[in-house]
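Novice: Protein chains in written order, with our numbering: chain A, 1 to 291; chain B, 1 to 291.
Hints in this document: simulated from the structure, not taken from any laboratory. Remember, predicted model here, so these are calculated numbers, not experimental data. You can take every hint at face value.
No copy is singled out in the list; a pair is fine if it fits within one copy or between any two copies.
Here are the simulated SDA-like pairs of lysine to any residue, each with C-alpha atoms no more than 20 Å apart in a straight line:
#  : residue 1 : residue 2
1  : LYS241    : HIS173
2  : LYS241    : GLN115
3  : LYS118    : GLU74
4  : LYS269    : SER280
5  : LYS118    : LEU69
6  : LYS241    : ASP168
7  : LYS283    : GLY244
8  : LYS276    : ASP263
9  : LYS276    : ILE256
10 : LYS118    : TYR34
11 : LYS226    : GLY215
12 : LYS241    : ILE206
13 : LYS170    : GLU74
14 : LYS241    : ASN165
15 : LYS118    : SER47
16 : LYS226    : ALA216
17 : LYS118    : ARG101
2 protein chains.
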Amino acid sequence: MITGVLGLKGSYSEKAAKQWIAKNNNAGEQVLEYCGDIQDVFTLLESGACDIGVVPLENSIEGSVGVTLDLLLEHDVHIIGESIVTIEHCLLSRGKKEEIRVILSHPQGLGQCRQFLKEHFPAAELRSTGSTSHAAKLATEFEEMAAIASPETADVYDLNIIMPNIQDRKHNHTRFIVITRPDALENVMEHVRDNKQDILYKTSIIVYLDRDRPGALYAILGDFAKNNINLTRIESRPSKKVLGDYVFYIDLEGNISDTIIKDALYNMKSNVGMLKILGSYPKFDHYCESN
Amino acid sequence: MITGVLGLKGSYSEKAAKQWIAKNNNAGEQVLEYCGDIQDVFTLLESGACDIGVVPLENSIEGSVGVTLDLLLEHDVHIIGESIVTIEHCLLSRGKKEEIRVILSHPQGLGQCRQFLKEHFPAAELRSTGSTSHAAKLATEFEEMAAIASPETADVYDLNIIMPNIQDRKHNHTRFIVITRPDALENVMEHVRDNKQDILYKTSIIVYLDRDRPGALYAILGDFAKNNINLTRIESRPSKKVLGDYVFYIDLEGNISDTIIKDALYNMKSNVGMLKILGSYPKFDHYCESN
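Excised from the complex, chain A in its bound form:
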């Protein structure tokens, strides 16, 4: 099976992908395709050049990855799994701490270390890269450059760990999702271990409410509450039509194959402007001993 991941060797997405594959996949040979940015993972998947893709969705310090949420709405993909990785950002460089003038990372990496950067490198120039691992690779060019990336990338790109554990909070986790395209779904799922009996499922949906109906969000949450369906996440993103108009991303406990979930979503469909079901997949924390 071919998996598209964000970033280069040593990236957090690679770790998330390997973790998910080890737990879930029975297929023989595993190949990873490294992508320059999140959009490239979706493009690679749609082109047929990979079977699944692994991209970051949300982080416990910096919140949602907006690009991923937008792409989930724009593209026809299914979520088939999630993988949670402990993030341990380090400041990596070829040079010394005093020499560092430029710091590179993915915008999420820069955001997760905002207070650190403000305190230790208030005058440094910050550069955005497509992934933290790409930042590490670029930081090999000059001694005055440093990257915010995983300790694994220090080994891969022969950089020194100038400062370890630099994120603004001690605990830092990122949730990645595993996606596939509709025409590959059946084939991919044939290779996914079926341990449905043992595990809790989660279903992810995107809802666009009718703008002119106040209380519409409340009505929707009410349908879930009445059926004792537990929501694990609700997040808004701009609809990009006008300011103040939103699309909601909701994660709920349960499988779309459960009658109670199926009925709730069926009933909801006629009361909202748009409903997109992204997929049902095993909840991470229930079956993974690490983390």
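The hints should help you fit chain B onto chain A, whose structure is shown.
Specialist: This is chain B only, laid out in the frame that chain A set:
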């Protein structure tokens, strides 16, 4: 009155500040203090070096400004107003389009032009700056550099508009908030025109639910729905404690001085982990003819 704004001369925050001051403020001399990033505006305000601050809160394409949401929770400030500005990003440079290798902007500017950048400058190096206007100033250094910023900054920093209107959607607006600190509130409000009779008000709150109470969000929305209080926005941010734990930012129509709002918030207080009332302020679209 002294106002702290994000960015340098020609910034969108400056525009938002001037727009708000022109509509609302009676005080004589007006001084703007330009700040390097959003956190600096909060620091300046708390130090007493300015009376009010103007910072971006959300954009119609790229969504919430996470830093501002986090700082509203961390700092003791009051929101006293909002100002909505039309965003018209341009690509500005001293050089020619073919020469551009580095593109600078605030992360929101880069995000709002994501598709444009992917299409026209797939190989360009992207650099994050504290504000779009700061990007424009830096772009004056080399011909191979370009900034994503307002057309006004082209005049201020003597740059050419290489490409106008480059954001990914035609309509692009940013909502700014006007903040003050508790001990300056009374003095500041003395200079704010009182046209309370004519205008609609909005109240902004931050709520942290008890983690172990499923349906808690539904219960809160229910309190508002029962009292016919209309919510204009609900946004989640990580609590930064563990992944999957959130703080909710809610905007509702009405003034905290209205009995119905006061009672609803009073009742809510005993049912949630934390409630922070950020303030009540006139709704922008009701009293501003522009936009």
